[in-house]
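My request is simple: use the sequences and hints to build the entire structure.
Using numbering that gives the first Met the number 0, you'd call the opening residue of the sequence shown number 0 and step up by one each time.
No lab work stands behind these hints, which were simulated from the structure alone.
Bear in mind that the values here come from a model prediction, so they are computed numbers and not experimental data.
Each hint should be verified, as a subset may be incorrect.
List time: in silico DMTMM-like cross-link candidates among lysine to aspartate or glutamate, alpha-carbon distance up to 20 Å [what the hints assert, rightly or not]:
1) K64 / D129
2) K96 / E43
3) K127 / E188
4) K194 / D218
5) K262 / E43
6) K96 / D129
7) K114 / D150
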Amino acid sequence: MKKILIVLFFIFFQLTIIKSQDIHFSQFYNDISYENPSYIGNHEGLSKINFINRDQWRSVSVPYKTFYFGFENKIKILSGALGFNFFQDKSGDLNLKTNQFNVVYSGSFNVSKSKIFLGIYSGIGQLKIDYSNLSLLDYEAFSISSVNYLDLGLGIKHDYNLNEKILLENSFSVSHINSPLISLSNNSENNLSAKYIYKFKMTYSFLYNNIVSSFKIVDQGDFSKIEIGSFYRINTPLGYSFSPGIGYRNKDAVILHFGFNSKNYAVDFLYDLNVSNLSNASNYKGGVEVGFVYLFGNKKNVEFKKHICPDYL
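So, in structure tokens, the structure goes:
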């Protein structure tokens, strides 16, 4: 009986996590179209590929794993950019899995010293759970092993060049505005709560180097978080740059960051040092995250900007 109750607890715990919050990444400085559709198209060159892989809580028997891939392309006839992103999130012994594919569009226009981006996305997602490990239970009450849903969202981003050295960026997005049903039980309803994200970012350039700082607020249902971070980009005469940095997610983790840029690609390594109430259970191990961005297209010698222009950051 005790083992049955433990299994039921883990089912409830994992389903509650899904209801309360989405996946998250620790790249506080990066503009990911999954978080805000207005981010696409704000890059050098014609096209951009973005890849992220995250492993969390590796001390537990089955670590939480998240994979993300995004592609975006500027389209002149649409006066904006069109792209897509896909992510897969696996969590826990029950192999609770979320797959989602989104199509994203963003348009932009200039107002004096500002640039405004407006974006929308439409996606199809699937939530799936594996009950094969529940040999101790008659799990007919949990007979729904997967559910498909439609997901809609929108966002806005405002870039303002305060002067030649300072760029200010403000963005706001609403995800899951249709609150899709994601229940895996015949006896309950579980809707994906709307998620609101506000992010402020400042880039300060001096002596050919940059300091990038950001502040982000996320609110979704009963869950909310504040994330701050900053990194210092050191641009070298050889054409590449290094970016050591640090961030903090309230009541959760200290984020250690190191990035490397070379012409048209960037690689980022991040580690979340767990400082939450789960520190002991996770043996103080947090999340390992690796990000990769590649720019390409019809512009000669496409490369990441190393000055104030917001074409990448």
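Consistency of the hints with the structure:
1. Distance hint between K64 and D129 is fulfilled; the C-alpha atoms sit about 16 Å from each other, no more than 20 Å.
2. Proximity of K96 to E43 is assessed by CA-CA distance (about 34 Å); at most 20 Å being required, the pair is judged violated.
3. Proposed proximity of K127 and E188 is supported: the alpha carbons are some 16 Å apart, at most 20 Å.
4. About 6 Å separates the Cα atoms of K194 and D218, which keeps this hinted pair within 20 Å; it holds.
5. Annotation: proposed proximity of K262 to E43 holds, straight-line Cα distance about 11 Å (limit 20 Å).
6. Between K96 and D129 the alpha-carbon distance is near 9 Å, which keeps this suggested pair within the 20 Å criterion.
7. In summary, the hint linking K114 to D150 is not supported, as the alpha carbons are separated by about 27 Å, beyond the 20 Å threshold.
Hints 2 and 7, counting from the list given before, are not met by this structure.
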